[in-house]
Amino acid sequence: MKNYLEILNEQQLLAVKNYEGASLIIAGAGSGKTRVLTTRIAYLIDNHVDPFSILALTFTNKAAREMRERIEQIVGSEAKNLWMGTFHSVFARILRAEAFRLGYPQNFTIYDSDDSKNVIKSVIKEENLDPKNQYKPSSIHSRISACKNNLIKPSDYENNIDLMEADKGLNRGRFIDIYKKYNDKCYKSGAMDFDDLLLNTYELLTRFPDILYKYQHRFKYVLIDEFQDTNVVQYLIIKKIAAVTRNLCVVGDDSQSIYSFRGANIRNILDFEKDFPELQVFKLEQNYRSTVNIVEASDSIITKNQNRLPKKLWTQNAAGSKISLIRADSEADESNMVAVNILELKKNHNYIFNNIAVLYRTNAQSRAFEESFRRFGIDYRLIGSISFYQRKEIKDILAYFRFCLNPADEESLKRIINLPARGIGDTSFARLIVYANDNQCTIWDIINNINAFDISGRVKTVLSEFLYLIKSFQIAISQNDAFTAASKIAKESGIIRMLHEDNSPEGIGRYDNVQNLLSAIKAYTERDIEDKSLSSFLQEVALLTDADIQDTSGDRVTLMTIHSAKGLEFKAVFVVGLEEGLFPSSMSSDTREEIEEERRLFYVALTRAMEKLFLCHADTRFLWGNLNYCEPSRFLDEIDGSYLDFGNQMRKNKIKAPEIKPKITEKKIVQPVRTPAVVDPNFKGDDINQLKSGMNILHNAFGNGKILQIEGNAENKIALIFFDKFGQKKILLKFAKIKIIE
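For the sequence shown, counting from 1, position 537 maps to 537 in the numbering used here; every step adds exactly one.
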């Protein structure tokens, strides 16, 4: 395949051919980065460079696999001899051959994060430390990982006065003991965690000059993909290996550096020239992905960052439509408006669902879109997370709800009886199962008559307290609406407290998810429905998460966080939740560095779109069960207004998703999908003061209906209307567009 260079533009060709010495390839979004990297490697092989002497490092196995396949199409089977893979896989390969020098067996075990946390739990238990407060295993694991990624070994930590004093001030002075004992346990088990694969590779190259010499002379050409995502130890390893030949080529985009929470250090790419002053810089600035409007709007955003490498993206693609700005009343209205626009893209622009993505800042935001898409009949897939209602913390609290409503539900009881921990272990629970089987009754029956059985006094006391707790929840459910009852259960069960005390990123996410569930229940009780009980809510959730109603065709809208979207592209993209405190996140707004990373994240979101881009925000949003009034994200103001379509910005008529009324036929759930009428932006309603009970009317979104009742006055008038297609709804008239048709 000798014509492979002909498809490159001028800058791409220069980046491919000039392969001697250090190179920095600044690859803007959609500029053909992968094409250049794979072609450069193929060109090396085509110019008689031994593929065994080429080291190419990526961040995902998928990227490595795709790159190797592309190279193989050009140079053939020689591509199989490349040292190509992720940092962790390549370094593990080196360690298999060399780790005996550090005292590890060749077949050392690699611990994943769950394995590591289990070791940490055992250490905390052995040290008689409190795993619920200062020494939460997940927080300890995150801190150990951060230390290793910054080359801070236990001995370094112990000799650092500032770190040790800080731990004492935070009442976690025993962290160093846990760190040391954790490392000892891993070492004695012949095991390395993910971070050890990096740290121990660096240790080999530092302590053993012969090993460093070996790999410096084996790898004559080193290439790094997504260089902006490297951490401290990854870069130091690469610098050591490339120190002799100086043939180090790094490819990346500082404007897409969004993983500092994983240890990525943007200074690696910003300061690369300081370590390699002789380097050649190639800027890939032509965007092949997006329309002119999207490219230039994105560029108008990212230029607000001070810490960046200068570049100016441009494209020869069509100008394209302007970016749509959508303002919604609430998160429910936002998800419904997105759904309506998706259906419009499919109907009038021939988009398939696979062409479309909805991007959000946090996984907790997926819930509203999952529910709306189910109601509108839009199939979707979740990337980077499981379905909202399948997440462990959500299943845990739903298990409390289900068990209170049905104490015969043994699976729910298994889930909650020791959550939060109350001293009912596997042995005690197994004994309860035996008693229930022997007496042909439920475990709940045994707990209700616990004094009749041979169980230790401590366990009897705990089970009696559990019995009282569940009965108090049952009373609350019978006397209150879903939100009031759910809030009581979430708080008094101890789940809220347990999650709130876990300050690790994972713990914060789980806490946010439970709060988001409570917000969903609050919104449920605010709806115009008769049955607002917890039982009714659970029934609706069961319908929304029933796998049998999912289409298996594979054509689905993609729901994902922006972090998960990097490297992907879609014809149409909806960026949602663009409000201060949510995006940019209130947890990442304290310093210029944090705000600039949030802006880079916004830039990544915008540059995923090829043809159509929608930016959405809501006036109100339920957070922690309370209605909050939201301020639009500062990032919206930073976009040059000439690229924006404000048509949906002032729209205030609320769109509601059609209610699902399941029809049971041959034991299969059938969900009729009813879509609201397409909203006509030129629709003009009559004066609301003319509306009276009994009138037949036409609503912009819900069609024909009849006014049953009007209450309130002035701007607070609310009409109760029965719509022919959507049933009975309450409408706040000041935001409605209604015509009188009689």
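Careful: at least some of the hints might be erroneous.
Using 27 Å as the maximum straight-line C-alpha spacing, the simulated BS3-like pairs for lysine-lysine come out as follows [said to hold, decoys possible]:
#  : residue 1 : residue 2
1  : Lys-471   : Lys-488
2  : Lys-220   : Lys-188
3  : Lys-322   : Lys-392
4  : Lys-737   : Lys-706
5  : Lys-185   : Lys-220
6  : Lys-181   : Lys-17
7  : Lys-692   : Lys-734
8  : Lys-706   : Lys-717
9  : Lys-392   : Lys-132
10 : Lys-181   : Lys-168
11 : Lys-220   : Lys-62
12 : Lys-571   : Lys-132
13 : Lys-684   : Lys-706
14 : Lys-274   : Lys-322
15 : Lys-283   : Lys-153
16 : Lys-239   : Lys-188
17 : Lys-729   : Lys-717
18 : Lys-312   : Lys-346
19 : Lys-566   : Lys-532
20 : Lys-522   : Lys-471
21 : Lys-312   : Lys-220
22 : Lys-132   : Lys-62
23 : Lys-532   : Lys-395
24 : Lys-729   : Lys-706
25 : Lys-214   : Lys-185
26 : Lys-532   : Lys-283
27 : Lys-153   : Lys-220
28 : Lys-239   : Lys-185
29 : Lys-180   : Lys-214
30 : Lys-125   : Lys-80
31 : Lys-684   : Lys-729
32 : Lys-566   : Lys-132
33 : Lys-734   : Lys-346
34 : Lys-153   : Lys-168
35 : Lys-153   : Lys-17
36 : Lys-153   : Lys-125
37 : Lys-392   : Lys-240
38 : Lys-491   : Lys-312
Treat the hints as calculated values from the structure; they're not laboratory data.
Original post:
Are the Cα positions of Lys-532 and Lys-395 separated by 27 Å at most?
Top reply: holds (21 Å)
Original post:
Regarding the pair Lys-181 and Lys-17, is the alpha-carbon distance no greater than 27 Å?
Top reply: violated (51 Å)
**OP:** Starting from Lys-239, check that the Cα of Lys-185 is at most 27 Å away, please.
**Re:** violated (31 Å)
Subject >> Hinted pair Lys-180 and Lys-214, Cα distance within 27 Å >> reply: violated (31 Å)
**OP:** Please work out if Lys-737 and Lys-706 have their alpha carbons no farther apart than 27 Å.
**Re:** holds (14 Å)
Original post:
Hey, Lys-571 versus Lys-132, does the alpha-carbon distance stay inside 27 Å?
Top reply: Answer violated: Lys-571 to Lys-132 is near 46 Å, above 27 Å.
Subject >> Agreement of Lys-471 and Lys-488 with the hint, judged by alpha carbon distance not exceeding 27 Å >> reply: Given that 27 Å is the threshold and the Cα spacing comes to 12 Å, the pair holds.
Subject >> Distance restraint between Lys-392 and Lys-240, which requires alpha-carbon spacing of 27 Å or less >> reply: Given that 27 Å is the threshold and the Cα spacing comes to 43 Å, the pair is violated.
Subject >> Hint consistency between Lys-322 and Lys-392 [alpha-carbon to alpha-carbon, up to 27 Å] >> reply: Cα-Cα ~41 Å, so violated.
Original post:
Hey, Lys-729 versus Lys-706, does the alpha-carbon distance stay inside 27 Å?
Top reply: holds (11 Å)
Subject >> Restraint check for Lys-566 with Lys-532, where alpha carbons must lie at most 27 Å apart >> reply: Violated, at about 41 Å.
Original post:
Hey, Lys-239 versus Lys-188, does the alpha-carbon distance stay inside 27 Å?
Top reply: With Cα atoms ~31 Å apart, Lys-239 and Lys-188 exceed 27 Å; violated.
The structure fails to meet hints 2, 3, 5, 6, 12, 14, 15, 16, 18, 19, 21, 22, 25, 26, 27, 28, 29, 30, 32, 33, 35, 37 and 38 from the earlier list, while all remaining hints are met.
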